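Student: The chain contents come next:
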Amino acid sequence: MNGSSFITYNTLIVLLGTSLLGGTAGLVGTFAVLRRRSLTGDALAHASLPGLCLAFLVWGERNLLALLIGAFCSGLLGVAVISGLRRFTRIKEDAAIGIVLSVFFGAGISLSRIIQNQVTSGSKAGLDSYILGKTAGMLAQDVYLLAGLSLACFLIIVFLFKEFSLVVFDPAFARVQGWPAFLLDLGMMALIAVVVVVGLPTVGVVLMASLLILPGVAARFWTDRLQSMVWLSLIFGACIGWVGTLISANYSLFPAGPIIVLTGTVLFLVSMFFAPRRGVIARRFADYHFHRKLRLDAFLRRIYRAKLRPEQLASAKLTLSPLRMAVKPEPRIVQLAIEQGLIVPARENTVEFTRDGEQFARQLVRDEILRQQIILRYPQLSAELYEEDDLRDWQQRFPDEYQVLVADLPPLPLPSEWRAS
Amino acid sequence: MIVAQFWSAWELPLATILAGVLSSLPCAILGCFLVLRRMSLLGDAISHSVLPGIVIGALLSGNLLGWPVFLGAVVMGVLTAILTQSLTSHGNVSEDAGMGVVFTSFFALGVILITQLARNVDLDPGCVLYGLIEFIPLDTVKWGSWEVPRAFFTLVPVCIVTILFTLLFWKELLLSSFDPALATSMGFSSMVLHYLLMGLVAVVSVASFEAVGSVLVIAMLIVPPATAHLLTDRLGRMIVLSVLCSISASIVGYWGATRWNTSVAGMMSVVAGLQFLLALVFAPRYGLISRTWHNLSLSFRIIAEDVIAALFRAEEEAPQSAGLKIADCFRLAGGGWGPWLLLPLLKYRGLVLAAPQGRLQLTEKGRTRARSLVRSHRLWEAFMEKHFDLPADHLHAPASRVEHYIGPELQDKLKEELRGPDVDPHGRQIP
Numbered sequence: 001m002n003g004s005s006f007i008t009y010n011t012l013i014v015l016l017g018t019s020l021l022g023g024t025a026g027l028v029g030t031f032a033v034l035r036r037r038s039l040t041g042d043a044l045a046h047a048s049l050p051g052l053c054l055a056f057l058v059w060g061e062r063n064l065l066a067l068l069i070g071a072f073c074s075g076l077l078g079v080a081v082i083s084g085l086r087r088f089t090r091i092k093e094d095a096a097i098g099i100v101l102s103v104f105f106g107a108g109i110s111l112s113r114i115i116q117n118q119v120t121s122g123s124k125a126g127l128d129s130y131i132l133g134k135t136a137g138m139l140a141q142d143v144y145l146l147a148g149l150s151l152a153c154f155l156i157i158v159f160l161f162k163e164f165s166l167v168v169f170d171p172a173f174a175r176v177q178g179w180p181a182f183l184l185d186l187g188m189m190a191l192i193a194v195v196v197v198v199g200l201p202t203v204g205v206v207l208m209a210s211l212l213i214l215p216g217v218a219a220r221f222w223t224d225r226l227q228s229m230v231w232l233s234l235i236f237g238a239c240i241g242w243v244g245t246l247i248s249a250n251y252s253l254f255p256a257g258p259i260i261v262l263t264g265t266v267l268f269l270v271s272m273f274f275a276p277r278r279g280v281i282a283r284r285f286a287d288y289h290f291h292r293k294l295r296l297d298a299f300l301r302r303i304y305r306a307k308l309r310p311e312q313l314a315s316a317k318l319t320l321s322p323l324r325m326a327v328k329p330e331p332r333i334v335q336l337a338i339e340q341g342l343i344v345p346a347r348e349n350t351v352e353f354t355r356d357g358e359q360f361a362r363q364l365v366r367d368e369i370l371r372q373q374i375i376l377r378y379p380q381l382s383a384e385l386y387e388e389d390d391l392r393d394w395q396q397r398f399p400d401e402y403q404v405l406v407a408d409l410p411p412l413p414l415p416s417e418w419r420a421s
Numbered sequence: 001m002i003v004a005q006f007w008s009a010w011e012l013p014l015a016t017i018l019a020g021v022l023s024s025l026p027c028a029i030l031g032c033f034l035v036l037r038r039m040s041l042l043g044d045a046i047s048h049s050v051l052p053g054i055v056i057g058a059l060l061s062g063n064l065l066g067w068p069v070f071l072g073a074v075v076m077g078v079l080t081a082i083l084t085q086s087l088t089s090h091g092n093v094s095e096d097a098g099m100g101v102v103f104t105s106f107f108a109l110g111v112i113l114i115t116q117l118a119r120n121v122d123l124d125p126g127c128v129l130y131g132l133i134e135f136i137p138l139d140t141v142k143w144g145s146w147e148v149p150r151a152f153f154t155l156v157p158v159c160i161v162t163i164l165f166t167l168l169f170w171k172e173l174l175l176s177s178f179d180p181a182l183a184t185s186m187g188f189s190s191m192v193l194h195y196l197l198m199g200l201v202a203v204v205s206v207a208s209f210e211a212v213g214s215v216l217v218i219a220m221l222i223v224p225p226a227t228a229h230l231l232t233d234r235l236g237r238m239i240v241l242s243v244l245c246s247i248s249a250s251i252v253g254y255w256g257a258t259r260w261n262t263s264v265a266g267m268m269s270v271v272a273g274l275q276f277l278l279a280l281v282f283a284p285r286y287g288l289i290s291r292t293w294h295n296l297s298l299s300f301r302i303i304a305e306d307v308i309a310a311l312f313r314a315e316e317e318a319p320q321s322a323g324l325k326i327a328d329c330f331r332l333a334g335g336g337w338g339p340w341l342l343l344p345l346l347k348y349r350g351l352v353l354a355a356p357q358g359r360l361q362l363t364e365k366g367r368t369r370a371r372s373l374v375r376s377h378r379l380w381e382a383f384m385e386k387h388f389d390l391p392a393d394h395l396h397a398p399a400s401r402v403e404h405y406i407g408p409e410l411q412d413k414l415k416e417e418l419r420g421p422d423v424d425p426h427g428r429q430i431p
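Chains as they are written, first to last, in our numbering: chain A, 1 to 421; chain B, 1 to 431.
There's no promise every hint is true.
Said to hold, decoys possible - Here chain A is said to cover these stretches of chain B; the calculated rule only asks that three of the stretch's residues, wherever they fall, bring their Cβ under 8 Å from a Cβ of chain A:
hint : region
1    : 38-46
2    : 258-267
3    : 275-286
4    : 403-409
FYI, nobody ran anything at the bench for these hints, they're computed from the structure.
This structure is a prediction, so every number in the text was calculated from the model and none was measured.
All C-beta atoms, glycine included, are put in the ideal place defined by N, C-alpha and C.
For reference, chain A alone in the conformation it holds in the complex (with noise of 0.2 Å):
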């Protein structure tokens, strides 16, 4: 932290206001963000201003309560139109949210432009923020309010963690099973809208929507279990509300609702990169090893054939390997081989078997004929064979067919065993 800045209390204010909702949305966002419905976070934001600016000219504008009912309402109606849409007409779900989106926006603009005409231009400030977002505005109370439908939502999330995991992953199996998936669908959606609402004036109609996205995106990074995803996400959210807002308020020319919005993607994009496992560079990574282990098998067996004699080729019928390529070996995989210890150079550019190479070679030359054999004579059974030991699996589930197949195989010599005959 910034030694030469204190913390003033209205600051403090803020960045607890924020911390909380950058981690509350976190927390809602990850069910949206899984259910591939990253952008109804950002439909309802938009949704939800026609029914701002009607409690606006209703109720009057400093009357925070009806201003934000009115935006939850109006919100809420847009995702149930969403969803009805979605289910009862043949527009798919990407053009449902969008319609939403620009017609209730288009409403909302309509409807604030008739506002700033009739009051007086104070109190156009005051609607114009909810569309940028004032962090700046934030008071003791919002923070008290904000904390409550913070501790609301993690409670709910709590109890009902289970039900919402499974409407999640799997909602024809929920339904199935007797579980009401479409309140629950709706309970999921009205929890997100009570968030977007109360977050709409500290970052905005716009900004909310990455609030909800960004640390479920981050999380998915680090984790493939949903509740350390969740704790993840909610951690994540508080953080970049924390950093950001302090960010901003070094900085005070810049408002805080985008700031933490960057600060969020810079989140992002360091775990999309960095992340151990699904991290782009891990992956790169994983993806350079296996592909050098085919290279150096590959080798290997073209090497265990090419020290073969003709007549044991013929009598092993290898010539229904794959084709013999006619081009130098790369010298990394040949130097890898060295080094593993399963061959050493020989005189004139050639190579010669150790004792473990030869055996390792026969051994992948035989699985290699064993996988060509599954897939032509057991084609139905051959769906799983592109994993890891998948041929010790497959002798585990289908051990007969596999005695047929082993029965079947031809001799495979040793290259030494040969010369020594």
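Since chain A is already given, all that's left is putting chain B on it; use the hints.
Tutor: Only chain B this time, still in chain A's reference frame:
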């Protein structure tokens, strides 16, 4: 053509409406492809993320309506499409989340740029969002002896380019919208077409942004095409209808905006939404009214057939009886109030007769129809017994649902296929 002075009563509205029409026309055309390819939200994403490009262009040129703005926005638009695609394919992020991340980040960047750097230039964040169609007719350029709104020099070429693009690539667009794999296998790259389309969407978004603002371009990109989608199944007609809807939305929206003194862009999207609502309810095949009617008439047909089939079966068992009591008959047909409602219709159609003591009897016409129905039922039961692994008491229920959809042709085919005795699995004769 557009005339010089904008101070007469009808010229200003005409120019404004024309600006609206010219902005929404290319959106309506391209939006059809977006909606069909389920990419509607990419238009949304692009129209949000052009903001930084617009601001930078405006700062460089000192003016919100100018070529640097246009260029900046196009760059941002194409960048959005590319980034979203690479996040999805290389970054292992789901498509909607990737889109959300990209456009919200760009939009946040744009807002920061506006509030930070726009202190030096007179830029109101609002107008970037909702557009300034009202000002378009006032910013004119001399062209020959006429004063033409400068915005038209962007809008008209964009319209022409869009129409040319659609005509030129019509077959490819048609195919790749409905079956991209087939399109690729036929030799032209769906990917290239995809990026061309996205680039054009970016250009169109930017051109229209001046009129209706960056966030309301989505309305013009999605709502008229969705309306047209409800009204027809053919792509050509869909595009034409979409264009018509967008034009009428522009005209009526302008009228509404002047009537209630509110934002033109806002009213245009509201009117487009109302048109969509009308199509939703009244569309001839996909509208709610039409589908409800269709479902109801199907239900009634099924109930009617159940009634006469019940009478037929009763006749089979007791050939000399004087018909079935009405209440029993309706109970066998499944109960409920449906049969009661349909009784007059059945009598009117000449399928049943009222018999003494509150009974019903089949007429000859009714008997023929019922016989066919029962034949369908029993043929299907025999078919299921032959080919499916169902126990005998599980055959009746599915057959009583399927029987209504088996016509004479299918009956002949089934009979041919079965080639067996003329009895159903329960041992009853197939009539």
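Student: So, against the hints stated earlier in the document, which numbers end up violated here?
Tutor: Those not satisfied come down to hint 4.
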